[in-house]
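Please model the entire structure based on the sequences and the hints provided.
Residue numbers (the working numbering), protein chains in the order written: chain A, 141 to 559; chain B, 5 to 430; chain C, 8 to 299.
It should be emphasised that the hints constitute simulated quantities derived from the structure, not laboratory data.
Note that this is a predicted model, so its numbers are computed, not measured.
Each hint can be trusted.
No more than 30 angstroms apart at the CA atoms, straight line, and that leaves these computed lysine-lysine pairs for DSSO-like:
no., chain 1, residue 1, chain 2, residue 2
1, B, K265, B, K41
2, A, K476, C, K233
3, A, K487, C, K233
4, A, K528, B, K167
5, A, K455, B, K167
6, A, K487, C, K182
7, C, K187, A, K487
8, B, K66, A, K476
9, B, K384, B, K181
10, A, K455, B, K181
11, B, K389, B, K167
12, B, K343, B, K37
13, B, K373, B, K389
14, B, K167, B, K181
15, B, K37, A, K455
16, A, K528, B, K159
17, B, K302, B, K181
18, B, K159, A, K476
19, B, K384, B, K373
20, A, K476, A, K487
21, B, K159, A, K455
22, C, K187, A, K476
23, B, K425, B, K167
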Amino acid sequence: MIEALSFLALPALACAALVAIHAYFGLHVLERNVIFVDLALAQVAALGATAAFLLGHPPQGLAAHAYALGFTVAAAALLASTRAWSGRIPQEAQIGVVYVVAAAAALLLVDRAPQGAEHIRQILTGNILTVGWSELAWAIALYAAVGLAYPWIARALKPSGWISEFAFYAAFGVVVTSSVALAGVLLVFAFLIIPAAIGVLHATRFASQLAIAWIAGTAAAFVGLAISYASDLSTGATLVCTYGAALAIAGIARGLRRERRAKFGAALRLGRWLAAALLAASAIWIAISPRADQPLLDSLEHAFPAIRGAYMDAKSLAIGAEAAAYGRRYRDEADKLRAREAERRWKGEPLDEEEVRRIASFEKSYNEMIRGEEFVTREVRSRAREAKRWWIAGAFLLVAAILAVSLPAWRSIPRSAPR
Amino acid sequence: MNKTHRTARIALAMAIAASATAAMAQSIAITSKYPGKVHLLPATLETTQWGWFDNAQPPVLKIDSGDTVVFETMMHSHNQVVPGRTIEEIKKLRTDNPGRGPHTLTGPVFVNGAEPGDVLRVSILNIVPRAYATNFNVPGMFGEFPGIYADGQVKYLYLDMDKMETEFLPGVFIPLKPFPGTTGVARAQPGRYSSVPPGEYAGNIDIRDFSEGATLYVPVWVKGALLWTGDSHAAQGNGEVNLTAIETAYKEMAVNVSVVKNMKLDMPRIETPTHWITMGLDSDLNLAWNQALAQTIKFIGEQRGQSAEAAALTMASVSDCRVSQVVNIKKGIHCLTPKDVSASGIPERPAAENAAYYVSTGRDVDLNKAMDAASMAMIKFLEQKKGIARLDAYGLASAAMDCRIGDMSGAEKNVHCVMPKSLWRN
Amino acid sequence: MTIALFLGLEGVVGAEPLRLVSTTTELESLAISVGGELIVATHLIPAGQDAENFQPRPQDLARVREAQAVLRVGVDYDLWLDPLLQQAGNARVRRGGAGYIDASTDIALLDVRAGGVGPDDGHAHGRGNPHYWLDPANAAMITATILEALARLDPPNAKRYEANRLAFLERLDAKMGEWKRALENAPALIAYHDTWPYFARRFRLRFVGIVELRPGVPPSASHLAKLAREGIEARVGAIVREPHEPARDAQFLASRTGARVAVLASSVGAIPEARDYISLIDYDVRALAPSR
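Here is the structure:
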């Protein structure tokens, strides 16, 4: 627990800081309908850093940052200027063009690089897990400065003039350049859009939207970090998925909030019809092509392996179970061999070439035999499905029919109750 | 097979699986339907030898004459050689070790009382393969036609042990007849020898008739004989042209092993319930044929008390000779001679398609070329007339085509490759 | 001109040096150590770029089309070469052709795992770790494979190729002793990617763990925590990263474990000091050797 805290404290603080500034800009981005502007600006910043690198500056030095910033500001000026065309060409399309051109230009520059430059973007792309205190302190200072200064400047400027547009893109560009270096592109996009979207779903005033976005965004980030630690999952990816789930929950919550009964009943009805349609489609699919992947049946079996017993005879089940057991045994033995070889690289007597070849040969044989056992598991199942396809299809259709037909009867209960 | 046998087999297989998890080789003696003391030998790093026969290899198991060994075997794996310093060394190492090896072979088993000059009798009591097998082509390296089939593919097949068949291609079923491609003893010569070429110590003979119920008689060359087995097949054509049979691993292969003291042999022989099999092995198929001829004449002479000339005449009328394989460095021909001395006539060797077989023939002064021509003609036939994809046709020929030696009396030699029409259904 | 064209069409090598194209710089360097003046070697992947994600350029097609030999790493490391070979329509260097050289032939592979994605490996054995050239002893096998191919393509010069290779192996053998001594008491290590198993095996180095287990998937918090814990227990001396791998993650672990960060190159030209194969290994050994 203490170890977890020591590893997650800085990332959690970073998340909170990132949510604070990005939720604010996110609300503006949603309002302006320029959803992917952060990706475009981050790409332009990377182009700037690549150019700096090619000119002989170290990738994370001051010059590189200056180049990245300069390129970003130039792109901000460009976006502010082309806003006027958005009647003919949607702003989102212009942003897309900036993104692909910046990415491609970086590629061409890299191709001219003497060495190792194509990784420069990778170097510029951060990982929230290994964020250091000094860079986080800098970022927080930067966010605070932009967060305080930008609203003040924006209020002072004419609402949709060039300067106000430029100020927005420039301020946002500065933030994004720094945050992508801190947390990576995927995560920054999630921080930008999802908390703001949750705010917009549940409030109408800007201040309330922002408050909801901050609370929901920070909470979701903490939950994501905890899940990543507990389940040993890649932190950035887990956070993004947690954010997606948070948005879905927020959406459902909104659905439940209003005119609860009628809406809920309608949703339930829709759900039942969808389930019935899914079952009917699966029934047809298994009748047509029993050997193909059967998404519904496969996932049902995954959740309840006992279902297999309904259409496989005892012998096929035994063959399948034995194949699974042999597969496990081979996998286990292959792992042991690998571990044994890896240990002998540094400990005890070294293995000679032939022993290494023998182990490789064994690993290959095990891999092949594991594939074979997996093939058997699939094959006996496919054969059983093929033989019993009409029964399975029939069972699916029956459940589908029950779901569809019982609907009026079920609905009549709550209606008759109040009478 | 009856139910008790099945239960006993399952129990045996479980015991093998259980003992295989232990790190060291071990044998568990249990009483069962098998004769003698029964030893289980699971396939692990410690109980297998890889790619080489070496008569100095310490045995992993010691048994007495008359005992039964239940082997577990692994699927084989293509692998590699060691680098040489000079170009000659490098070339030699590569050509001496084409990818057929190294097999992973379970053993060696030391048989108490076996001395050089004795004969080891190895009877296959029972074979239980796993439920899957593969047939593959390794790109551009091995097989009879490496230049033509430079691309690789692997096919997994389900072995239906109730029907004893596997569906090789949709609607094409190959009957199963499991047999170990390699069963052999140590050579007389000290040192390491590749497990690929077969020889007077048996080894990689790939004779498909050495299956359940058959017995191998192999001369013993070193004390204890040192028995090995591997290269487990579920079925194979005579010729094995793409290098692979229906390759599987055996959950269990029970063999009874005994030492025969008063039998003099210079080359291995196989006894089936109905026939005796004699063989010839050489990198040149013509020389392999000469050896098969000499071995068969010698056998018929012993069997019927005939002179060499008379035995040669008898052979021409009763012995059925087939090309076992042409891909193991030393190519092989084996001849089946009926045990029943009153039997006469050779099973039909059709020269053209008939009701039961598709047939291709090759005719050349050089038997190697005749074999290449006949097998290529069959592969082309499968591609063009049966609409089978190139590599599938190569694989099917390897797994099910039966190449027989035809009339050998003239200057030109004949090979007939036949493919049973019964493979195709619907 | 006509004569040159005629010679070119006939594929006569003669006085013309043999044109060999390798995918990586380190294989190019090994090819030169066998071919010497008798071959003109080029590489496709610019020095230090990611071989597995390389995208061929139009010029590369021309390079392959004109080549008499193509030398690749294999083991699914340079899969992009296969479509390029198909497209180039140069039968000499296509898989199975006389000029097709797979340097992984007969290498004793480590960490053979299930799930190879190669287009036509002909079996289902899975793939091993592809960084086999980082074991200098494997250079003997790689150069044997190259020598065999060059002797096949240019038989009159076979003896010279052989002499070149033997001279190279002698230099390598001399270096090997020096390298082994230098790394005798090297501390335990952590690597960013699993690039070093062959290097580790040859020099008896202990790698306690790998930061990014699957390329492109950043580590989880618990994985990093475990690495840090095991790193401290094993008294890790250095966190190994390559120039293109994120500096920050290595620095993070270094500060947690009290180790230093060592920048190693797996490829000739990835850093200026690694000019050829021997100086590549030389550089890596010096970067890891405990300071005295």
